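> Sequence:
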Amino acid sequence: MKPSIPKGTRDFTPEQVIRRNYIFDTIKQVFIKYGYQPIETPVMENLATLTGKYGEEGDKLLFKVLNNGDFLAKADEAALAAKDSSGLIPSIAKRGLRYDLTVPFARFVVMNQNEIAFPFKRYQIQPVWRADRPQKGRYQEFYQCDVDVVGSDSLVYEAELIQIYDEVFTQLGIAVEIKLNNRKVLNGLAEAAGIPNQFMDMTIAIDKLDKIGMEGVRKEMLEKGIPETAMAIIEKVLNIKTIAELKPLFAQSETGLKGVAELTTILDFLEGQPLQNNISFDITLARGLNYYTGCIFEVKASATHYPKLRMGSIGGGGRYADLTSVFGLNNVSGVGISFGAERIYDVMEELQLFATSMAQSLQVLLMALDETALKYAFQKLGQLRKANINADLYPEPTKMKKQMKYANARQVPYVLLIGSEEMNTGLLSLKNMESGEQQKLSIEDIVQKLSMP
RNA sequence: GUGAUUAUAGCUCAGCUGGUUAGAGCGCUGGAUUGUGGUUCCAGAGGUCGCCGGUUCGAACCCGGUUAGUCACCCCA
Numbered sequence: 001m002k003p004s005i006p007k008g009t010r011d012f013t014p015e016q017v018i019r020r021n022y023i024f025d026t027i028k029q030v031f032i033k034y035g036y037q038p039i040e041t042p043v044m045e046n047l048a049t050l051t052g053k054y055g056e057e058g059d060k061l062l063f064k065v066l067n068n069g070d071f072l073a074k075a076d077e078a079a080l081a082a083k084d085s086s087g088l089i090p091s092i093a094k095r096g097l098r099y100d101l102t103v104p105f106a107r108f109v110v111m112n113q114n115e116i117a118f119p120f121k122r123y124q125i126q127p128v129w130r131a132d133r134p135q136k137g138r139y140q141e142f143y144q145c146d147v148d149v150v151g152s153d154s155l156v157y158e159a160e161l162i163q164i165y166d167e168v169f170t171q172l173g174i175a176v177e178i179k180l181n182n183r184k185v186l187n188g189l190a191e192a193a194g195i196p197n198q199f200m201d202m203t204i205a206i207d208k209l210d211k212i213g214m215e216g217v218r219k220e221m222l223e224k225g226i227p228e229t230a231m232a233i234i235e236k237v238l239n240i241k242t243i244a245e246l247k248p249l250f251a252q253s254e255t256g257l258k259g260v261a262e263l264t265t266i267l268d269f270l271e272g273q274p275l276q277n278n279i280s281f282d283i284t285l286a287r288g289l290n291y292y293t294g295c296i297f298e299v300k301a302s303a304t305h306y307p308k309l310r311m312g313s314i315g316g317g318g319r320y321a322d323l324t325s326v327f328g329l330n331n332v333s334g335v336g337i338s339f340g341a342e343r344i345y346d347v348m349e350e351l352q353l354f355a356t357s358m359a360q361s362l363q364v365l366l367m368a369l370d371e372t373a374l375k376y377a378f379q380k381l382g383q384l385r386k387a388n389i390n391a392d393l394y395p396e397p398t399k400m401k402k403q404m405k406y407a408n409a410r411q412v413p414y415v416l417l418i419g420s421e422e423m424n425t426g427l428l429s430l431k432n433m434e435s436g437e438q439q440k441l442s443i444e445d446i447v448q449k450l451s452m453p
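If you're matching positions, the first sequence starts at 1 in my numbering and goes up one per residue.
What the hints contain is simulated information worked out from the structure, not anything from laboratory work.
Among the clues, some could well be false.
Within a straight-line C-alpha distance of at most 27 Å, the following computed DSS-like cross-link-like pairs (lysine-lysine) qualify [what the hints assert, rightly or not]:
| hint | residue 1 | residue 2 |
| --- | --- | --- |
| 1 | Lys375 | Lys386 |
| 2 | Lys60 | Lys74 |
| 3 | Lys83 | Lys64 |
| 4 | Lys7 | Lys136 |
| 5 | Lys300 | Lys211 |
| 6 | Lys300 | Lys208 |
| 7 | Lys219 | Lys208 |
| 8 | Lys380 | Lys405 |
| 9 | Lys7 | Lys64 |
| 10 | Lys380 | Lys401 |
| 11 | Lys136 | Lys28 |
| 12 | Lys440 | Lys401 |
| 13 | Lys375 | Lys402 |
| 14 | Lys241 | Lys208 |
| 15 | Lys211 | Lys224 |
| 16 | Lys386 | Lys449 |
| 17 | Lys375 | Lys440 |
| 18 | Lys83 | Lys60 |
| 19 | Lys7 | Lys94 |
| 20 | Lys449 | Lys380 |
| 21 | Lys236 | Lys219 |
| 22 | Lys7 | Lys60 |
| 23 | Lys211 | Lys60 |
| 24 | Lys33 | Lys300 |
| 25 | Lys236 | Lys224 |
| 26 | Lys28 | Lys380 |
| 27 | Lys60 | Lys224 |
| 28 | Lys402 | Lys136 |
| 29 | Lys241 | Lys211 |
| 30 | Lys208 | Lys224 |
| 31 | Lys440 | Lys402 |
| 32 | Lys375 | Lys399 |
| 33 | Lys375 | Lys449 |
| 34 | Lys440 | Lys399 |
| 35 | Lys208 | Lys247 |
| 36 | Lys300 | Lys241 |
| 37 | Lys94 | Lys83 |
In this text the structure is predicted, and so the values were computed from the model without any measurement.
Using the sequences and the accompanying hints, generate a full structural model.
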């Protein structure tokens, strides 16, 4: 059979894994510095935990896990006969793959509320699955790197999360644009425009502003039945660039004013602590996930630094006032952000930000020239490894050309040649693969040379 | 869910308005070179042209279907 893997999934070569780990390690180390603790949750959740949390669209994108055993025996007869797939699902699949890390985290918090000290700061780096049509920068299996804090309303956390974004991307060498908005501001806008019931339609439309332009937004909102009068107000607000200008427009909207106040406070916390990256208020930032209630964030690679780069957001997040209440725990506010490791990888690849030397972990390859030398070399291999040197042995005493070729493929900086001459003298031929230089050294000298950084 | 596009050697791809034995580069194997690689030269292995059907004297090429990948939209990291 022809080997293949499911669409939207990928294998990773050693080089890719090393690079991915570099990203994960960088992110993780910043998380730890800011006082966050790791947790992990299962790949599968009960389907009931997941459904309804991501909107109608999200439910469709959930991977469902078929029940074990004779799952059709307990299938809903009526739904089966009617070929009603969505009606059939609850009776044949009780589990699903996690869609993100935030909802499982909320579930975790509720289940462990008695052991947790609030505010609870956790980070989590695990894969998630979405039954989406894959395309550039989009996969069905991908990692998320989340930091969240629950059990506090304080806006210091919003400020802190912005600092985390700034620090991680600075360390990775990616210039980014951090965009900031507040759901309350958008709510206020809907109120001010007199269309509080069409809040979602409005935000979805204005979220596309940079893609389809003001005319496109206008057209989409008209199609959704938003009246011209409302549109005039919305259009006026969309042209606003600073938070200060926003305030007078929300005289009638308490929610809107609250949103403005929150944004002001967050920026105030950050005063005097300069960021490496540009942070900007963007009223067109909406974000799809409907559990957000307060401040929302999104990060993109800087368009001014990389005008040619075409990549969606590489991070996002926000405050969710009441995510745990569906699991029975009320009044626990949370805020968190996510790093899209896959897209960060793709961006770094495209911008050639990975150090070239990252891949070489093997320090020396031993080569034996005949059968007796192979056994001798195997002993020397043990000595080197005992001295904590990453060493390997070519397993057969074949022609040197072949062994050298293998050494090149492994990108080894040194090879150690062992034949009768070396066995007689005890001095082994250490060859520098880059310069071609070769010298005869005792095993002790070799250990010392290779132990030096 | 909607649309576009691609499928030929292990990999990346060429293959003219349909014409007889389907090519290249890289990789692989052997040799030039029995203790020295990344350069060079020579030779070799490797393909039911995604799959099924149709048109034709003749199909990798045209037509229909099907499967899979990729890209865009929706949505999202």
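> Indicate, hint by hint, whether the structure satisfies it.
Consistency of the hints with the structure:
Taken as a hint, the Lys375 and Lys386 pair is honoured in the structure, with Cα atoms around 17 Å apart against an allowance of 27 Å. This hinted pair checks out: Lys60 and Lys74 have alpha carbons roughly 22 Å apart, not beyond 27 Å. Under the criterion of a C-alpha separation no larger than 27 Å, the hint pairing Lys83 with Lys64 is consistent with the structure, at around 17 Å. Distance hint between Lys7 and Lys136 is fulfilled; the C-alpha atoms sit about 13 Å from each other, no more than 27 Å.
Restraint check for Lys300 and Lys211: satisfied, since their Cα atoms lie roughly 14 Å apart, inside the 27 Å limit. Proximity of Lys300 to Lys208 is assessed by CA-CA distance (about 15 Å); at most 27 Å being required, the pair is judged to hold. Straight-line distance between C-alpha atoms of Lys219 and Lys208 comes to about 12 Å, which keeps the hinted pair within the 27 Å bound. Restraint check for Lys380 and Lys405: satisfied, since their Cα atoms lie roughly 22 Å apart, inside the 27 Å limit.
About 16 Å separates the Cα atoms of Lys7 and Lys64, which keeps this hinted pair within 27 Å; it holds. Between the alpha carbons of Lys380 and Lys401 the distance comes to roughly 22 Å, so the proposed pair stays at or under 27 Å and holds. Annotation: proposed proximity of Lys136 to Lys28 holds, straight-line Cα distance about 26 Å (limit 27 Å). With a CA separation close to 20 Å, the supplied pair Lys440 and Lys401 stays within the 27 Å bound.
For the hint linking Lys375 to Lys402, the alpha-carbon distance of about 19 Å falls within 27 Å, and the restraint holds. Among the hinted pairs, Lys241 with Lys208 is consistent with the structure: their alpha-carbon atoms are about 17 Å apart, no more than 27 Å. Distance restraint check for Lys211 and Lys224: the Cα-Cα separation of roughly 18 Å lies within the 27 Å cut-off, and the hinted pair is therefore satisfied. At roughly 15 Å between alpha-carbon atoms, Lys386 and Lys449 fall within 27 Å of each other, so this suggested pair holds.
Taking the CA atoms of Lys375 and Lys440, the gap is near 19 Å; set against the 27 Å cutoff, the hint holds. With a C-alpha separation of about 16 Å, the suggested pairing of Lys83 with Lys60 holds against the 27 Å cut-off. Taken as a hint, the Lys7 and Lys94 pair is honoured in the structure, with Cα atoms around 24 Å apart against an allowance of 27 Å. A C-alpha spacing of about 15 Å is found between Lys449 and Lys380, which places the hinted pair at or below 27 Å, so the restraint holds.
For the hint linking Lys236 to Lys219, the alpha-carbon distance of about 16 Å falls within 27 Å, and the restraint holds. The suggested pairing of Lys7 with Lys60 holds, with an alpha-carbon distance near 17 Å, which does not exceed 27 Å. Note on Lys211 and Lys60: the hinted pairing holds, with a Cα-Cα distance of about 25 Å set against a maximum of 27 Å. Pair hint Lys33 plus Lys300 holds up; C-alpha atoms about 23 Å apart against a cutoff of 27 Å.
At roughly 19 Å between alpha-carbon atoms, Lys236 and Lys224 fall within 27 Å of each other, so this suggested pair holds. Simply put, Lys28 and Lys380 have alpha-carbon atoms about 38 Å apart, too far for the 27 Å limit, and the pair is violated. In summary, the hint linking Lys60 to Lys224 is supported, as the alpha carbons are separated by about 23 Å, within the 27 Å threshold. Between Lys402 and Lys136 the CA atoms are separated by roughly 39 Å; this puts the pair beyond 27 Å, and the hint is violated.
Between Lys241 and Lys211 the alpha-carbon distance is near 18 Å, which keeps this suggested pair within the 27 Å criterion. With a CA separation close to 15 Å, the supplied pair Lys208 and Lys224 stays within the 27 Å bound. At most 27 Å may separate the alpha-carbon atoms for a hinted pair to count; Lys440 and Lys402 meet this at roughly 22 Å. Our distance criterion of 27 Å between C-alpha atoms is met by Lys375 and Lys399, whose separation comes to about 17 Å.
For the hint pairing Lys375 with Lys449, the CA-to-CA distance comes to about 23 Å; that is within 27 Å, so the pair holds. Between Lys440 and Lys399, the direct Cα distance comes to roughly 21 Å. Compliance with the 27 Å bound is thereby established for this hinted pair. Distance check on the hinted pair: Lys208 and Lys247 sit about 24 Å apart at the alpha-carbon level, within 27 Å; holds. Between Lys300 and Lys241 the CA atoms are separated by roughly 18 Å; this keeps the pair inside 27 Å, and the hint holds.
The hinted pair formed by Lys94 and Lys83 meets the criterion: a straight-line CA distance of about 19 Å does not exceed 27 Å.
Going through the hint list in order, the structure does not satisfy hints 26, 28.
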